[in-house]
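Chemist: Sequence:
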Amino acid sequence: MSAAPEQGYGPPGAPRRPAIGPHTVEDWLALNPTADGSRVELILGHIHVSPAPSGEHQLAAFTLALAIREAVRAAGRSDLHVVPAVNVRISTAFRTALIPDVVVLTRPPVGVSFPAEALALAVEIWSPGNPRVERELKMLGYAGAGVPFFWAVDQSSELSEPRLTAYRLDEGLYREEDVLKPGTEAPITASPVPFRLDISDLAV
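When we follow full-length UniProt numbering, the leftmost residue of the sequence shown carries the number 1, and every step to the right adds one.
For the record, the hints were derived by calculation from the structure and aren't laboratory data. Heads up, some of the hints might be wrong.
[As the list claims (entries may be wrong)] The following label-pair restraints were derived from C-beta to C-beta distances:
1) 203 / 171: 32 to 38 Å
2) 157 / 40: 21 to 27 Å
3) 34 / 168: 22 to 28 Å
4) 30 / 186: 40 to 46 Å
5) 26 / 186: 40 to 46 Å
6) 196 / 21: 39 to 45 Å
7) 194 / 51: 19 to 25 Å
8) 113 / 36: 17 to 23 Å
9) 173 / 55: 17 to 23 Å
10) 177 / 46: 27 to 33 Å
11) 69 / 129: 27 to 33 Å
12) 161 / 113: 33 to 39 Å
13) 171 / 111: 27 to 33 Å
14) 113 / 136: 31 to 37 Å
It should be emphasised that the depicted structure is a prediction, and the values quoted were computed from it without experimental measurement. We put the CB at the ideal spot given by N, CA and C, even for glycine.
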């Protein structure tokens with residue numbers, strides 16, 4: 001069953017998507033793990049291979065996952081589970097399956113893949129090499145699948161400082177609600193639990 005609306009990958013008025021490719025979610029699930037740690041995802045029927053995450057990327061994901069877990073525990077939400085880098089079946093109809101850097105699940109993390117409807121939050125840590133179209137298609141996928149909250153973390157580069165942008169799902173599209181920049185601890189309201197963070201903590 002598709003997690004996304006059958007009439008489209010997103011609501012009417014969303015940006016147009018490329019034609020759907022030949023690969024299915026079942027094909028993707030049958031792939032063998034990569035030997036070099038690269039991530040293989042499926043976006044609209046097309047296989048996308050990303051290099052293994054850098055040390056900086058993995059540190060940011062690990063630190064953020066720990067912080068979210070502490071917030072979940074502080075909120076007394078034993079029904080929520082924080083897990084890094086799991087396989088998520090976004091949509092069978094639109095042949096999309098992703099591996100977000102961190103997720104908050106609404107069910108115990110048992111198994112090797114999870115349906116999108118089990119996600120309360122998806123977090124993607126963008127590397128400088130992530131193309132803009134890939135970022136947009138992933139966000140459209142999470143939104144079309146009904147994931148209530150989405151966080152995008154931009155890593156620091158020579159030209160920009162790190163940033164976390166938090167989105168809330170509103171009528172099938174993500175609306176920007178919080179933007180965190182280094183230097184101060186600030187709340188994130190687009191979150192399944194009360195949460196505060198100084199994004200500087202995610203850097204090496």
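Chemist: Decide, hint by hint, whether the structure agrees.
Modeler: Status of the hints after comparison with the structure:
1. Restraint check, residue 203 to residue 171: a C-beta distance of roughly 35 Å satisfies the suggested window 32 to 38 Å.
2. The hint said 21 to 27 Å for the Cβ distance between residue 157 and residue 40, and at roughly 25 Å that hint holds.
3. For the hinted restraint 22 to 28 Å between residue 34 and residue 168, the CB-CB distance of approximately 34 Å leaves it violated.
4. As the Cβ distance of residue 30 to residue 186 is approximately 43 Å, the hint placing it in 40 to 46 Å holds.
5. Separation of residue 26 from residue 186 is about 42 Å and conforms to the stated range, judged on CB atoms against 40 to 46 Å.
6. The given range of 39 to 45 Å is respected by residue 196 and residue 21, whose C-beta atoms sit roughly 41 Å from each other.
7. Range check, residue 194 to residue 51: Cβ separation about 35 Å, and the 19 to 25 Å hint is violated.
8. Taking 17 to 23 Å as the suggested C-beta distance range, the pair residue 113 and residue 36 conforms, at roughly 21 Å.
9. A C-beta distance of roughly 34 Å is found between residue 173 and residue 55, which places it outside the suggested range of 17 to 23 Å.
10. For residue 177 and residue 46, the Cβ-Cβ distance of about 30 Å falls inside the hinted range of 27 to 33 Å, so the restraint holds.
11. Look at residue 69 against residue 129: about 28 Å separates their beta carbons, and that is inside 27 to 33 Å.
12. For residue 161 and residue 113, the hinted distance range of 33 to 39 Å is satisfied, since their beta carbons lie about 35 Å from each other.
13. The beta-carbon spacing between residue 171 and residue 111, approximately 31 Å, falls within the hinted interval of 27 to 33 Å.
14. With their beta carbons about 24 Å apart, residue 113 and residue 136 fall outside the hinted range of 31 to 37 Å.
In terms of the numbered hints stated before, the structure departs from hints 3, 7, 9 and 14, listed from lowest to highest.
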